Amino acid sequence: MLGIFQIPLEECEEMYRKLGSDVFKQNVIVGTVKMGWSHAFYDSEIWENILKERMGEGRMIESARDPHCPKVSAVSTVVNRGLPLKAYTFRNYRLMPGVRSHYLGDCNHKMWQAIRASSAAPGYFKEFVLGKDLHQGCLPEKHIAGQRASFPPAQSRTALRRLVHFTSFVLCLLLR
Numbered sequence: 085m086l087g088i089f090q091i092p093l094e095e096c097e098e099m100y101r102k103l104g105s106d107v108f109k110q111n112v113i114v115g116t117v118k119m120g121w122s123h124a125f126y127d128s129e130i131w132e133n134i135l136k137e138r139m140g141e142g143r144m145i146e147s148a149r150d151p152h153c154p155k156v157s158a159v160s161t162v163v164n165r166g167l168p169l170k171a172y173t174f175r176n177y178r179l180m181p182g183v184r185s186h187y188l189g190d191c192n193h194k195m196w197q198a199i200r201a202s203s204a205a206p207g208y209f210k211e212f213v214l215g216k217d218l219h220q221g222c223l224p225e226k227h228i229a230g231q232r233a234s235f236p237p238a239q240s241r242t243a244l245r246r247l248v249h250f251t252s253f254v255l256c257l258l259l260r
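Sequential numbering of the sequence shown, starting at 85, is according to this note's numbering.
In short, the hints are calculated from the structure, not lab data.
Values in this document were obtained by computation on a predicted structure and should not be read as measured data.
Positions of the beta carbon are idealized from the N, C-alpha and C atoms, including for glycine.
One should not assume that every hint holds.
With a straight-line cut-off of 16 Å between C-alpha atoms, the simulated EDC-like cross-links for lysine to aspartate or glutamate are [to be verified]:
no. : residue 1 : residue 2
1   : Lys194    : Glu141
2   : Lys194    : Glu146
3   : Lys136    : Asp106
4   : Lys170    : Glu129
5   : Lys102    : Glu137
6   : Lys109    : Glu141
7   : Lys155    : Glu129
8   : Lys194    : Asp106
9   : Lys216    : Asp190
10  : Lys109    : Asp127
11  : Lys194    : Glu132
12  : Lys170    : Asp190
13  : Lys118    : Glu129
14  : Lys109    : Glu94
Estimated spans, in silico, between C-beta atoms of each pair [stated by the list, open to error]:
no. : residue 1 : residue 2 : range
15  : Val183    : Glu141    : 36 to 44 Å
16  : Arg149    : Asp106    : 13 to 21 Å
17  : Gly115    : Asp150    : 18 to 26 Å
18  : Glu146    : Leu103    : 33 to 41 Å
19  : Glu98     : Val213    : 30 to 38 Å
20  : Val213    : Asn111    : 21 to 29 Å
21  : Val213    : Val117    : 21 to 29 Å
22  : Gln90     : Leu188    : 35 to 43 Å
23  : Asn111    : Phe89     : 27 to 35 Å
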């Protein structure tokens, strides 16, 4: 909301409180029963409908047309492609020609899909199906550590520092 839509922080806080009361209201008994059926305590459909309503049908890359919009990404974990689990980056920018990312990802997804996939935390919301992939929101720490260590020795230390900083930042966001 801050990055792509450039909504002032005060409005974001107000929206966060309202969305929190709409999404996270749940009877403990109903939530526990849902947890047994779908591995999700909260209603994922309500969350998805709110995202569609607020974010619209715009694609991530379309936000790059605005010269004041920063580069933004959301990260999820693809859990149905075997081990090790794979990070998936939803981004609003294209990679430079000839550059390949160490991570799966694309810029052509709808904004609501990026948020829904990256918020599909086990126990809170159901996994999110996008194409053939099954997304969850949390990156396991072992996976992050594996990605940090996956740079070949020829990579520059600066690139490694950037990756460590980025993944540490993602962990901070997810653990809050």
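Evaluated hints:
1. For the proposed pair Lys194 and Glu141, the alpha carbon gap of about 6 Å is at most 16 Å, so the pair holds.
2. About 9 Å separates the Cα atoms of Lys194 and Glu146, which keeps this hinted pair within 16 Å; it holds.
3. For the suggested pair Lys136 and Asp106, the alpha carbons sit about 15 Å apart, so the restraint of at most 16 Å is met.
4. Using a Cα cut-off of 16 Å, the hinted pair Lys170 and Glu129 is violated, with the two alpha carbons roughly 25 Å apart.
5. Distance check on the hinted pair: Lys102 and Glu137 sit about 14 Å apart at the alpha-carbon level, within 16 Å; holds.
6. Restraint check for Lys109 and Glu141: the C-alpha separation of about 26 Å exceeds 16 Å, so the hint is violated.
7. Of the supplied pair hints, the one linking Lys155 and Glu129 is violated, its CA atoms being roughly 28 Å apart against a limit of 16 Å.
8. Restraint check for Lys194 and Asp106: not satisfied, since their Cα atoms lie roughly 22 Å apart, outside the 16 Å limit.
9. With a C-alpha separation of about 14 Å, the suggested pair Lys216 and Asp190 falls inside the 16 Å cut-off, and the hint holds.
10. Only pairs whose Cα atoms come within 16 Å are accepted, and Lys109 paired with Asp127 is accepted, the gap being roughly 9 Å.
11. Our distance criterion of 16 Å between C-alpha atoms is met by Lys194 and Glu132, whose separation comes to about 12 Å.
12. Restraint check for Lys170 and Asp190: satisfied, since their Cα atoms lie roughly 14 Å apart, inside the 16 Å limit.
13. Under the criterion of a C-alpha separation no larger than 16 Å, the hint pairing Lys118 with Glu129 is consistent with the structure, at around 12 Å.
14. For the given pair, Lys109 sits about 23 Å from Glu94 by alpha-carbon distance, which is inconsistent with the 16 Å threshold.
15. In this structure the hint that Val183 and Glu141 lie 36 to 44 Å apart at CB is violated, the actual value being about 29 Å.
16. For Arg149 paired with Asp106, a C-beta distance near 31 Å fails the hint of 13 to 21 Å.
17. Restraint check, Gly115 to Asp150: a C-beta distance of roughly 39 Å breaks the suggested window 18 to 26 Å.
18. As the Cβ distance of Glu146 to Leu103 is approximately 23 Å, the hint placing it in 33 to 41 Å is violated.
19. Hint check: Glu98 to Val213, Cβ distance near 32 Å, so the stated range 30 to 38 Å holds.
20. Distance hint for Val213 and Asn111: a CB-CB separation of about 26 Å, consistent with the stated range 21 to 29 Å.
21. For the pair Val213 and Val117, the beta carbons lie near 22 Å from each other, so the given range of 21 to 29 Å is met.
22. One distance hint, 35 to 43 Å for the beta-carbon pair Gln90 and Leu188, is violated here, with the actual separation near 28 Å.
23. Here the CB-CB span from Asn111 to Phe89 is close to 33 Å, well matched to the stated 27 to 35 Å.
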